[in-house]
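Can you make the complete structure from the sequences, with help from the hints?
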Amino acid sequence: MEQNYDEKIKEVKSNLNKLESKKNKTNFLTRKERAAHLIQKGALLEIAGIDNVDSEILLGYFLWFKDVPEEKLEKLKAMSLRRGKRRKINF
Numbered sequence: 001m002e003q004n005y006d007e008k009i010k011e012v013k014s015n016l017n018k019l020e021s022k023k024n025k026t027n028f029l030t031r032k033e034r035a036a037h038l039i040q041k042g043a044l045l046e047i048a049g050i051d052n053v054d055s056e057i058l059l060g061y062f063l064w065f066k067d068v069p070e071e072k073l074e075k076l077k078a079m080s081l082r083r084g085k086r087r088k089i090n091f
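Numbering (the UniProt record's numbering), first residue to last: 1 to 91.
None of these hints come from the bench; they were simulated from the model. What you were told as hints is all true, and nothing was included just to trick you.
Derived DSSO-like pairs (lysine-lysine); straight-line CA-CA distance at most 30 Å:
| hint | residue 1 | residue 2 |
| --- | --- | --- |
| 1 | K41 | K77 |
| 2 | K13 | K23 |
| 3 | K22 | K10 |
| 4 | K32 | K18 |
| 5 | K8 | K22 |
| 6 | K22 | K32 |
| 7 | K13 | K25 |
| 8 | K23 | K8 |
| 9 | K75 | K41 |
| 10 | K72 | K41 |
| 11 | K25 | K10 |
| 12 | K23 | K41 |
| 13 | K75 | K85 |
| 14 | K72 | K85 |
| 15 | K66 | K32 |
| 16 | K32 | K77 |
| 17 | K66 | K77 |
| 18 | K41 | K85 |
| 19 | K66 | K85 |
| 20 | K18 | K8 |
| 21 | K41 | K66 |
| 22 | K41 | K25 |
| 23 | K13 | K32 |
| 24 | K23 | K10 |
| 25 | K32 | K85 |
Please read these numbers as outputs of a predicted model, since none were measured by experiment.
Dropping the structure here:
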């Protein structure tokens with residue numbers, strides 16, 4: 001009977017290792033996706049020529065920006081699309 005418990009423990013440990021491996025792979029992909037996202041946003045700052053602006057100023061601007069009315073956002077989007085076409089940028 002003790003051997004049966006040992007086998008069950010071994011099986012549970014094996015399953016736990018498999019689950020931990022799967023979790024680590026998922027975390028890696030999530031980190032990879034996040035890194036790609038951050039690189040893309042950083043590239044936008046570079047394109048706009050504001051990648052060297054003080055971080056506190058940028059954060060303050062972004063906090064203000066989230067309250068910009070929708071109609072102004074549409075104008076900004078149109079402006080960026082025009083500028084993107086001139087630079088041959090795919091959004």
